[in-house]
Structures are given as C-alpha cells and as structure tokens.
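A.B. asks: Take each chain as given, in its own frame, and dock them per the hints.
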Amino acid sequence: MSVLVLAEHDQRSLKAATLHTITAAQRLGGDVDVLVAGSDARAAAEAAAAVPGVTKVLLADAPAFQQPTAESLAAVLLDVVKQRSYTHVLAPATGFGKNVMPRVAAKLDVAQVSDVTSIESPDTFVRPIYAGNAFATVQSSDAVKVLTIRTTAFDPAATSGGNAPIEAVQAPTDAGPTKVVSQELTQSARPELGSARVIVSGGRGLGSGENFKLLEALADKLHAAIGASRAAVDAGYVPNDYQVGQTGKIVAPDLYVAVGISGAIQHLAGMKDSKVIVAINKDPEAPIFQIADYGLVGDLFELIPALTAELSG
Amino acid sequence: MRTLVAIKRVIDFNVKVRVKPDGSGVETANVKMSMNPFDEIAVEEAVRLKEKGIATEVVAVSCGPAAAQETLRTALALGADRAILVETTEELQPLAVAKLLRAVVEKEQPKVVILGKQAIDDDSNQTGQMLAALLDWPQATFASKLEISGDAATVKREVDGGLETVQMPLPVVVTTDLRLNEPRYATLPNIMKAKKKPLETLTPAALGVDVAPRLKTLKVVEPPKRKGGGRVADVKELVSKLRNEAKVLP
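Sequence order for the protein chains is A and B. Per our numbering, residue -11 is the first one in the first sequence, and the count goes up by one each step. Per our numbering, residue 65 is the first one in the second sequence, and the count goes up by one each step.
Just so you know, these hints were derived from the structure itself, not from any lab. Fair warning: this is a prediction, and the values are worked out from it, not measured in the lab. Backbone N, C-alpha and C define an ideal beta-carbon position, used for all residues, glycine too. Since no wrong hints were added, every one of them can be taken at face value.
Derived DSSO-like pairs: lysine-lysine, alpha-carbon spacing no greater than 27 angstroms straight-line: (1) A:Lys270 <-> B:Lys289; (2) B:Lys311 <-> B:Lys289; (3) B:Lys305 <-> A:Lys201; (4) B:Lys261 <-> B:Lys175; (5) B:Lys96 <-> B:Lys283; (6) A:Lys167 <-> B:Lys175.
According to the in silico footprint, chain A covers these stretches of chain B (three or more CB under 8 angstroms from chain A): (7) 189 to 195; (8) 205 to 211; (9) 280 to 291.
Beyond 10 angstroms from chain B on every Cβ pair, some chain A residues (computed): (10) Met(-11); (11) Gln(-1); (12) Thr11; (13) Pro40; (14) Gln54; (15) Pro144; (16) Ser148; (17) Gly150; (18) Ile154; (19) Ala156; (20) Gln158; (21) Pro179; (22) Ser196; (23) Glu198; (24) Asp271.
Chain B on its own, in the form it takes in the complex (with noise of 0.2 angstroms):
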C-alpha cells in the first residue's frame, strides 16, 4: 500500500516574520526556510506505517519553487523513499495545490494521504479538506492517532471539546494535528543517503492544472501593537488594580 505525504517549505517558526515596507507581502529573502511542523508530523506518520510494514512506499510531494528540493530531501532523510516536486513559481493557494495533488494522487494511486493540517504562514488550514473533496474520498482531519487495519481507518481526532474517533474505509485523506506523534531527526548517514533517493519534477502544465490565483492580495499590514508592559509588585496591588482600574473583577 502506497501512502503520499505532502509538504510545504515555510519560513521557519522561529523567524519574526516582517512585512515589506511596500505592504506587498512578508519578507523571505534571506530568511531561513524548513518544512512547515505540523508535515513533519505527517512524514513521521507515513514512515511508521512503512516501519509497521503497512505502507510499502511513502512518496513525499511538494508544490512550489525549486528550492522545496530541499525541503523534499528532508523528507527523504526522514524515511521517505522517493519524492516528486510539482515546480513552479506561481503563488500557490490551497485551491491549486489541492488541484495538483489530486492530479498525482490519479498518478501514483495511494491508499492514504496525509497532509499536515495548517501551515503556518498563511494558515489556511484547507488542502487535506479540499484533496479529500476533489477525489470524494473520506477525510479524517487533525489526526491525534491513526490506525490502518485492513481496507479501513480508525482516527482518533481533535476536536473543540475534546477527541471524537471516526472510523472509514480506504482510500482515505488525513490531516495531522501536534499529538499524533513526536517526529525524528534526520540522522546523518541518512541524509547523505537520501541524496541518492529519487525527487522527480513535474509541472502545473504537464498535470493539466490551472493554478492561477483566486483571492487577490491587495495589501499586508502589521497587526496594531498591543500596549503591554505593566507591573504590579504583589498580588494585593493586581486584585485592586484589577477591581479599581481595569474593572474586570466585581
């Protein structure tokens, strides 16, 4: 059973993003990219189910410029075995990128897709929902545990208040939440290894996807600044001011 895993390159969560002066966008020239945290996690998945001899293959995916090589590399020091990069330089919104997965999920025929849930710079939180929509597959989205037994999911998930457990059968798309597991690092021998693995390169163009923007960015503004910075000596002190001043207390 193959499983497709799919990744995007991010600025790293623990650049202080800026925006550009013009209010076109953040800055990410010079800026350290990796592989957005919550697709680690789906990496880390799909090469447990290999581990526990139920993927055969684990295919990591990628959508964007040729820099997200290396953030597919990544993925193959992780454990993957192969990868593919759909190329291009055109703003990617989940739409498209749900569009180009769909056309290699028709290629590569995986029984189970995981994605991570959100990626963290433009938080959209809509590709696994989208894939799962387009192909009519089942979806089982911020995953805290996934077991395959069979032709058949069981996914504990996240929800508002609390774990809620879905059961259905494959092919099935899943999105990964933090808990589902606790990701490895890249050892060196198997990142020199994973130069070797193949990373083949696709186009838009030559899955026949239209991957031209929906939404229209018309500007990017920093957030108003929160006036913080104030301090009370004792407990005493924050109860009154609490009381008497920010009037939140009875």
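Bound conformation, chain A alone (with noise of 0.2 angstroms):
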C-alpha cells in the first residue's frame, strides 16, 4: 500500500489544510508521498520535506503550474499515479482539492470518497451526507481510492523533524485549455478561515455590509478571522469565500462567535466542531442557541461594541 498526498501550497509553503491531509495519509499505513506541483516551488516541497513521517516528496515544477488549472493539475497526478502505482490519492477537501480529484478519480474509473472525517481502515472510509446530519461509512471496492479530507477531522502534522528526499517529477509542457485570466484575492492581514483559532461570523442580523465593520473591530480584538452566514453572502453583504457552512467552508476553531445567526442547519454543518461556541442574537428562540455553549441574547450593535471595549480593558 502506498499513499499520495497532492499538497495545496502557496509556492514558498504548505497550506494548513496540507499537513491536515498527511495526518490522513498517516492514518491509511504506509508509505506517504506529498506531491508539490508548482512554479518555482522548491521551498514547498522542502516544507514538505519536513514533515515527519513523509516518505518522499515529489516536485513537479513548471511555470504553467504558477496558476494551475484542475486540468494541468489532474494531468501531473494521474501520470504520477499510473507510474508509481499509489492505491489511495489524498487531497484536502477544500476549493482546490474538489476542483481537482473527481477529476483524476473519473480519468481512473474510480468513485471518490468525499469529506472524509474519519479513516476506519484502507477501504473503509465515514463521510457526513446531508449537511452533516447524517454520517455514512462506506467501503471501496476500487483498486485505487480518491480521497478528499475534511481538515477539521485531523490534527495538523508537525512541521519540522522530518528529512524526506525530494525528487522531480516530470511536469507536462502543455498547460491544458484553460488559462487563469486574473485572480482577485480578499487581501486581508487576518489568518485565514479555515485554520484561524478563532472566528467571528455575521449573519443577517448585522443588516448590512458597512456593519461588518463592527465585528472587524471584535476580531482585531480576538486576531481572528472573519466568516458568514450564507444570508449574509446571499444578502450581498460580504463576498462568498466568506462562507462558513455545507455549501461554504468548514471550520473548526476553539472559539466560534455567531453574530446576528440565526443557525440554520446548512450554517451548522460548518461550525458544529468548533471547540466553543458563544452566540449572540436578539431571538431568544433562534436556533443557534441550542447548540451555543454561552449565548447572549440582546441587540448586537450595542453588545458587540461593548464586548469589544471589554477585551480591551
């Protein structure tokens, strides 16, 4: 049995939801191999590299790689596959990891176990249907097995004491059909959603784009980051990659502030893991409430400026 690991990384690093997915790996047994398919990627790998337990990591590296596409990306890990003969392809079940593999998955006549929360042997596999209100456990009966992993499942791996070799990996010339045009990135200095501490999240509650500024205020407070409720994306208050939900992204940090949520169930399924879950709302009877370890009912533009102040003193 052998394991490939595709890593999402930035080039120079390895994405948190990266060391999430090795943890996965681990779990399988065997040998576990990282992919880095970048541009310019060498300290990428190398950070891979350092990850104990990582067997080998491969390097594609070739300037189309600089923006992938999921098919330049698909194309590097199916040669790769077939090559070295893997049994189980791994990859974080995040935006890049869901445009990728059911792609490589279909080029390999294979289902694809998404969301993977928890590894119960090398075939055997529990996965949330249903916005989470439901969990599956189902077996493979494929040779190789396409996995995506829920990040929130798994600790992340260690970063150093790890020596693996890196070896190149031959990367196609031909970037494939599609071309990234642009790329217009929420620039913000807070840590990213989905592997912050802490989260501070609007709903439809706030009322308006400009009164996300008040919990800008709180989560400078907390250094944390900042997500949403679909009503509030769907409101147009706060762009989607915001999105906290079964649609959006999952997360579980150790304190997750609701503000003005009313805790829809496809809003749960994205926050429910979180170690500890403070809500503030103005309903007594909203939903959020009920799986809310210290809930606050009152009107949030008073509360959240005064819990604000009260950080600070």
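C.D. replies: See the structure below:
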C-alpha cells in the first residue's frame, strides 16, 4: 500500500490544509508521499520534506503551475499515480481539492470519497451527508481510493523534524485548454478562515455590509478571522469566500462567535465542531442557541462594541 | 448552440432529515422532494443564455426514478425546452451519473453543460468535474459569472481566497455556485405550458452504461449531539467565562 497526498501550497509554503491531510494519510498505514506541483516551488517541497513521517516528496516544477488549473493538476497527478502505482490519493476537501480530485477519479474509473472525517481501514471511510445531519460509513472496492479530507477532522502534522528526499518528476509542458486570466483575492492581514483559531461570523442580523466593520473591531481584539452565514452572502454583505456552512467552508476553531446568525442547519454544518461556540442574537428562540456554549440574548449593535471594549480593558 | 443542464431530485432543503432506525440510510418515504438548489441556479443560467440569444435550445436531464419527471417538469416550467430522464431505480453514485451524462452529451452534442456544484443530499461535489474528465473537456467549477462569446467561455470562479477568472474554448462543463444568479419562480401559465413540452425517457442499458455502485454504504448514523444551550447575562460574564471556564481567551 502506498499513499500520495496532493499538496495545496503557495509555492513557498504548505497550506495548513495539507498538514491535516498528511495526518489522515498516515492513518492509512504505509508510505506517504507528497506531490508538490508548482512553479519555482522548491521551498514548498522542502516544507513538505520537513514533515515527520513523509517518505518522499515529488516535485513537479513547471511554469504552467504558477496558476494551476484542474486540467493541468489532474494530468500530472494521473501520470504519477499510474507510474508509481499508488493505492490511495488524497487531497484536502478545500476549493482546491474539490476542483481537481473528481477529475482524477473519473480518469482512473474509480469512485471518489468526499470529505472523509474518519479512516476506519484502508478501504472503509466515514463521511458526512445531508449537511452533516448523518454520517455514512462507506467501503470502496476500487483499486485506487481517491479521497478528499475534511481538514477539521484531523490534527495538523508537525512542520519540522522530517527529512524526506525530494525527487523531481516530469511536469506537463502543455498547460491545457484553460487559462487563468486573473485572480481577485481578498486582501486581509487576518488569519485564513479555514485554519484560524478564533472566528467571528456575521449573519443577516448585521443588516448591511457596512455593519461588518463592527465585527472587524472585535476580530482585531481576538486575532480572529471573519466568516459569514450564507444569508449574509446572499444579501451581498460580504463575498462568498467568507461563507461558513454546508456549501461554503467547514471550520472548527477553538472559539466561534456567531453574531446575528439564526443557525440554519446549513450553517451549523460548517461550524458545529468548533470547540467553544458563542452566540449573540436578539431572538432568544434562535436555533443557534441550542448548540452554543454561551448564548447572549440582546442587540448586537450594543453588545459587540461592549464586548470589544471589555476585551480591551 | 445547445445547452444541457443536469438536475437532481433531492430531499427539500427545509426538511430535517432522519436516519432510519436500522442505520441503512435516511428516511425518504413521505418526505418533500425538490430540485437541488444549485441545479435551480444551473437551469436559470441556461435559460438566461437562451434569452440572451446565445443558447438556441436548453435541454434538462435528470438521472433517477420515474418521480424525477416532476423535477424535470419544474425545469421545463422555468424555461427549459425539453427534458430527458434516464430512468433507473438503482442507487446512482456520481461516477455513474457522470457516465450517463456523457452518453447523453454524445447524443445531444451541446456546447455547454451546466450542473449544480453539489447536491445537498450526498454533498459529494463530484459529478461536473467527473463529466468534464470523461469528455476530456475543460471545466469551470463554482462559477459566479458566466460569459460566452463566440466559441469561448469566460468564467469567474469562487475560490478559497476570493475569485479567479478563467477562460476556455467551448465545449465546457460549468458548475454553479451561489452568486451566479437568483433563480426565478415558475409562473402558473409556464407550469401549464411545461406539461406539453417533450420529455423523453431513456435507460442506462439503452445508453450502454454500467451504473453499479462502487461504494458500499455499510451504515448511516446520526452525528453526536452537541451539548449547548448555556446562557450568559451580559458581556462581562461572557468574557469572564471565556477566560476562566472555557479558557479560550488569555
């Protein structure tokens, strides 16, 4: 048995999601190799080599991977999996992994198991269905298991202590039919939503995008990332990359502060594994209170500035 | 230019799903079913392409039991021109659906195929990407804006850190994200008209596709219940509890 992890990285370092995925890979037993497909991505490969328990790092370095596409990543991943007969191929269940991995699975004519939360054995996995209202244990009979990993279900692997060899692999010269024209990434000095230890999230109760500034002041105090419910995204208050929930990001920080969020099951699906949940809402009957450790009923426009001030004191 | 849109009949998003006592799955008997919400966005986008004069015909396809005809009629009421049901009572997994759709695409020769990014029942988020792979077409997943000009598509995609714009030649597979559009409601006259629109029924066997499941579901359980419901009186008590009881603040 041999396991390959597709690394999500920024050419210089590994994204936290990759570290969680490596932990999941190690649960399978067997060798764990990491594929870094990048452009001038030696530093990211070295970061992967330093993770304890990684057997080997494969580096596919090509200009095409400056802005990789599903097509170009799937092509190199398929080559590597076929040539080296991996039995398991893993990637984080982030926008990155979700885009690429089904393409690889279909080309291999195997099923993909999405959003794995537990590895029971090399062929049996647990995954959430129906927005996490049920968990299915599934067994794969395919020769290669293609998995995306729910990062919140696995601890991150350590980032130092390992010393795996780095081996160059052939990268495709053809970038494929899709061109990345531009990227508009949300510029923020805050921690990444997917890996933040504290998250302050706003819902429709905020009333406008302008009012999210209230949350920013609180988030500054808490060194928190800012999230949002689907309702707030739908209403146009904040961009979609803020969205926490079934169809957005899945998070499990140490502290999740839900502000003006009623708590639809689709939102709970994305945050109910947080260690401590605080809910602030004017409606005492809001479902969010049923899962909150600390519920505070009242007007958020008074409570949030008061909370920010209390934390400064 | 023909546009194909794939839709799935799922348990309505407002229904609180219940796990069956024997752990074999979730209760689907006597439960309200609807079109998967992301597929409504897909239908809307296809109909808008037609209204802009880019698409000449919108074909809605669903794979599943006979009852999915109802969902296809909804798509017809929203503006699709005709519908195809690939009828089977077998459990269909994403790879099997992608293969069925490939067979339909080969028959219908569309230039654009639009699917929801994810079905809210199995939450797999796979079918569009798999279809693109099987057809060897480019893919534009999680689309928040779609423009077709000549024989190329420009798509704004929702990515983890923001937005990414990609460009590719047609044909293309597009999967929809939330902000792509706001689907219309079907009007009564259009619901009546939809009853007369053509709906063709095919079978996996007729399309030459083996739909046998690759994943075996061993059991389905409810998630562990989270113990919540704690209350604090004011901001002072909240901060004190977060510091001293939960110990999540310094």
